[in-house]
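**Student:** Quick note, the sequence shown lines up with residues 14 to 184 if you use our numbering.
Please keep in mind that the hints were generated in silico from the structure rather than gathered at the bench.
All residues carry an ideal CB built from backbone N, CA and C; glycine is no exception.
Where hints are given, some of them may not hold.
Using C-beta positions, here's what the derived DEER-type ranges look like [what the hints assert, rightly or not]:
(1) 151 <-> 22: 37 to 45 Å
(2) 22 <-> 124: 39 to 47 Å
(3) 54 <-> 99: 21 to 29 Å
(4) 27 <-> 168: 54 to 62 Å
(5) 122 <-> 172: 22 to 30 Å
(6) 24 <-> 46: 33 to 41 Å
(7) 104 <-> 124: 50 to 58 Å
(8) 110 <-> 41: 41 to 49 Å
(9) 29 <-> 171: 53 to 61 Å
(10) 22 <-> 174: 51 to 59 Å
(11) 44 <-> 100: 43 to 51 Å
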Amino acid sequence: MTELHGFLDHLRENLQILDEQIENARAMSKEKGTGALQWAKTLRDLVQLRNETLDKIKSHLLGRDETGTVKEPLDFHSSQTHPLTLFERRVHDYLAKPWTVEGLRIKCEKCVTESETTQTRHYERYTVSKDYSYIQRKSEDLCDPCYEKNLEQLLINVKAAREKNGWNLSD
14 MTELHGFLDH
24 LRENLQILDE
34 QIENARAMSK
44 EKGTGALQWA
54 KTLRDLVQLR
64 NETLDKIKSH
74 LLGRDETGTV
84 KEPLDFHSSQ
94 THPLTLFERR
104 VHDYLAKPWT
114 VEGLRIKCEK
124 CVTESETTQT
134 RHYERYTVSK
144 DYSYIQRKSE
154 DLCDPCYEKN
164 LEQLLINVKA
174 AREKNGWNLS
184 D
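Given the sequences, and given the hints that come with them, work out the whole structure.
**Tutor:** What follows is the structure in structure tokens.
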């Protein structure tokens with residue numbers, strides 16, 4: 014058996030075991046003899062238990078039961094108490110939504126155009142003085158031309174700050 018990490022892992026293991034038991038019960042119920050009726054009843058109970066386990070998985074992912082009522086208390090949805098549950102639900106919601114070409118287009122924060130080449134770019138802004146050097150990391154959704162303009166502007170600012178403070182440019 015593998016190491017279990019969460020509620021869904023336990024339910025997955027239960028499903029695997031139930032599937033094996035259902036196969037055994039199905040084979041035993043097809044045999045001739047007096048025990049076939051008992052195995053057929055066991056098979057019925059195992060299939061019912063498997064369906065209940067699948068309902069538990071569904072209600073865990075959606076946070077609601079089949080009637081639509083919320084099963085968890087209100088504080089259950091905070092990210093501090095159950096971060097893995099929220100992560101599982103977000104992934105499920107993300108994968109459940111149909112993907113389109115329009116969903117791949119992201120709006121650039123500088124030129125406000127939507128493009129498939131726009132992505133979240135990480136860069137650093139330097140504020141340099143004689144006493145200290147301060148690095149501010151920033152993330153923005155930028156297209157390729159805007160990102161290149163930002164990098165050029167950052168280089169110009171760093172060179173100007175070095176010249177202003179008398180630092181050697183060969184460093």
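**Student:** Can the suggested window of 21 to 29 Å be confirmed for the beta-carbon pair residue 54 and residue 99?
**Tutor:** violated (41 Å)
**Student:** Given the hint of 43 to 51 Å, check if residue 44 and residue 100 actually sit that far apart at their C-beta atoms.
**Tutor:** Between residue 44 and residue 100, where Cβ atoms are some 46 Å apart, the hint holds.
**Student:** Against the range 39 to 47 Å, how does the distance between the Cβ atoms of residue 22 and residue 124 compare: consistent or not?
**Tutor:** holds (46 Å)
**Student:** Measuring from beta carbon to beta carbon, are residue 110 and residue 41 in 41 to 49 Å?
**Tutor:** For residue 41 against residue 110, whose Cβ atoms are near 44 Å apart, the range 41 to 49 Å holds.
**Student:** Taking 37 to 45 Å as the stated bounds, is the beta-carbon spacing between residue 151 and residue 22 within them?
**Tutor:** holds (38 Å)
**Student:** In this structure, is the beta-carbon distance linking residue 122 and residue 172 contained in 22 to 30 Å?
**Tutor:** Cβ of residue 122 to Cβ of residue 172: about 25 Å, so the range 22 to 30 Å holds.
**Student:** Look at the Cβ atoms of residue 27 and residue 168 and judge whether their distance stays inside 54 to 62 Å.
**Tutor:** holds (58 Å)
**Student:** Mind checking the hinted window 33 to 41 Å against the Cβ distance between residue 24 and residue 46?
**Tutor:** Holds: the Cβ-Cβ distance is about 34 Å, inside 33 to 41 Å.
**Student:** The hint says 53 to 61 Å between residue 29 and residue 171; measuring C-beta to C-beta, is that right?
**Tutor:** holds (58 Å)
**Student:** Is the distance from the Cβ of residue 104 to the Cβ of residue 124 consistent with 50 to 58 Å?
**Tutor:** violated (32 Å)
**Student:** Has the hinted range 51 to 59 Å been met by the Cβ atoms of residue 22 and residue 174?
**Tutor:** holds (53 Å)
Violated hints for the displayed structure, listed by number in ascending order: 3 and 7.
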